[in-house]
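Protein chains in written order, with the numbering used here: chain B, 1 to 461; chain H, 1 to 208.
Hints are computed from structural coordinates only; laboratory data are not their basis.
A few of these clues could be false.
As the list claims (entries may be wrong) - In silico negatives: residues of chain H with every beta carbon more than 12 Å from chain B:
#: 1; residue: 165
#: 2; residue: 188
#: 3; residue: 198
Claimed, not checked - Covered stretches of chain B (chain H as the covering partner; in silico rule of three or more C-beta atoms under 8 Å from a C-beta of chain H):
#: 4; region: 42-48
#: 5; region: 213-225
C-beta: ideal position from N, C-alpha, C; glycine also.
Each chain, written out:
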Amino acid sequence: MIIAYILVILCSALSGWLVKLYLDAQPEEQKITWTEYIFGLVIIVLVTPLVMYGMRNHFIQQKTTFNEWWNGWEVSATRQTIACERDGPCRRTYSCDPYIVMVQHCTTDEDGDTSCTTTPETRYHSCPYVTEEWSFYIETTLGRFTVSENRFPNSPDQHIWRSDNQIPADVLSSAGQGIPAFWQEASDRVASGNPGPVTKRMQYKNYILASEHTILKQYAEDIDAFKSAGLLPNLAMSTLPIPDCQESYLANKVYFVGLNPQNQQEWFDSIGRLNAEFGSELQGDVHLVIADSKAIENIDRYFFALKAYWQNPEAFGKNMLSKNAVLILVTIDGDKVDRVRASTGMPVGNEAMVTALRSRLVGLSFDSKVIIGTVTSKNHSTGVIESVLWGLDDKSTRFQRVCMDCIEEGGVGFSYLKKEITLDNGDIAIIAIIAFVVSMLVWVAFAFIGEQYAYPWRDSY
Amino acid sequence: MIILGVIAALGIGIVFAFVSWLMGMYSTTVTMERQLNSQYLSNQNYLSTYISGFYEQSGVLVAQSDQLDRILTDAVKGRYDGGFSADGALFSAVVEAYPEASTTALLQNWSKIQDYIVSQREGYKNIQDKLLDMLRNYDTYRTAEPLRAIALSIMGFPSKNLEARLGTTMTTGEVARNQMYLIVLTKDAIKAYESGVMDPLKVPTPTK
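Bound-form chain B, shown alone (with noise of 0.2 Å):
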């Protein structure tokens, strides 16, 4: 960064030469004096340091900024009525009563004079196609979600605004009509006080996953030798089941390796109202790992490199398994649970849950009930991984997650990484550029507003 504000430094000044020379050539009155220049030099000299800096964070903070999922509950299922009128609220319009304006156009000639007339213009209304729009939205733990916005009500041909005005085929396909079936069963679950889980991407900082160099990374050699074997999953990707919703609302989040058990719908179930409690007391996040354990003959150098691929950026970007991320690994020999491994996502912190879940899941049948429980967002129940993660049994073994920076918690954290975060050359270039063109700035302003309009009797000297 040194060298590259010197680069800068020294382009200011010899940009700000060059123009100086220019504009002395010219016989428009905008000029730089030397004074100007010298001025303007030191200007340059001290801010743009702080432009540089400013930049520099503004890039660190993107590259320590990652995403991680959030988990909840859905609350309630609302609906919105919107009425309709003319040039009113509603989306689903078309142009009608036209009405004449008088639009003034002026224009300035070569010497500075400017004339004006006035013509009429035809301007429309917006009508709306129907008497009242629906929106709906499901209001979750982790907040609104939009599952579809200005539609036309039940038989819209029953509600049309305007009796002499049809409502095209295309509008009616985009806009949709009537209650959406997601909404409904939305509305039911929670109605009968049975709410769904629902997962949400939002960003967080991590030193650890931004640093090059840090010996806490999980590193492995053996990612291409399983990945070719076809035995690494990728990470759960969001799912959407809204129709035309950009959010995600749910994600699989249980893996099979080698195994294609029927009631796949049931764990994925079971691990999502798991994290919805999970996320939404503990803000966790389970990724359940279930592979055939004749597909893995050793489990550790499998564990390392699944753990390492998902934390690889070139798999998964600025998506990759994250800090409050707790990863479990069982392997099923004939219809028992016979080896684990498990982490988080930070490489301190919750060895107690960890041990635990090693020596805990051992021996269990392969039934979802019974590895991860059935959690409702009122009861805890029976399930083993449940169990631990709250500390039901041992206090000790309640997930606690880890903090980055730990100003609140006191503590060191890991905010000493921040410093060897460095930028790639691609950024540092976006950086001179920027305080360059600033640096520009000063020479422009010098030009226009500088010392020969204060002192006019003065020339360039």
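Starting from the structure of chain B, add chain H where the hints point.
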């Protein structure tokens, strides 16, 4: 006159940049040293908490002895590599060091104790790794760039702000840095590093 002005302007810039650079470096390095001090003490505190936690886990009222403390510390540092089962070496050592009346309670809670020791051992390894990472970070910052290395060396880093406290004794500067690098190793591990040879691990047998 004009040339002098330009030189003065550039001179101001260079001095400004140089002073900012020195102050930033000093501040960063002192912050790193303070963080190392805290982490070093925190790691010692972890070991201490582990021992007192063991008594709580085992359900036996104090009856602490230096011998038992040593056994527990050895366990968390990796002395009992073969495992912590009730017929293993660790259990035998703990029973020997414990008053006779406590053995039953120990047996009842052994599975829990076993998990406790394993997790604390893993936790201790993790925070030792973190301390090593912080030392790596500190050394890299001080030495990776030649100009910075010279400047920091002239400023006297590692400075007296770097403190390695061990009970009532305290070392500072380079000695403290070396002390922090002193990672606890088992006798077997030291022997293996010294000789370049390591025997295969043996399953521990109960001692009588």
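Against the structure, the hints:
1. 165: Non-interface label stands for residue 165 of chain H: nearest chain B Cβ at 15 Å, farther than 12 Å.
2. 188: holds (21 Å)
3. 198: Correct as stated: the minimum Cβ-Cβ distance to chain B is 19 Å, above 12 Å.
4. 42-48: holds (count 3)
5. 213-225: It holds: at least three residues are needed, and the region 213-225 of chain B offers 4 whose Cβ sits within less than 8 Å of chain H.
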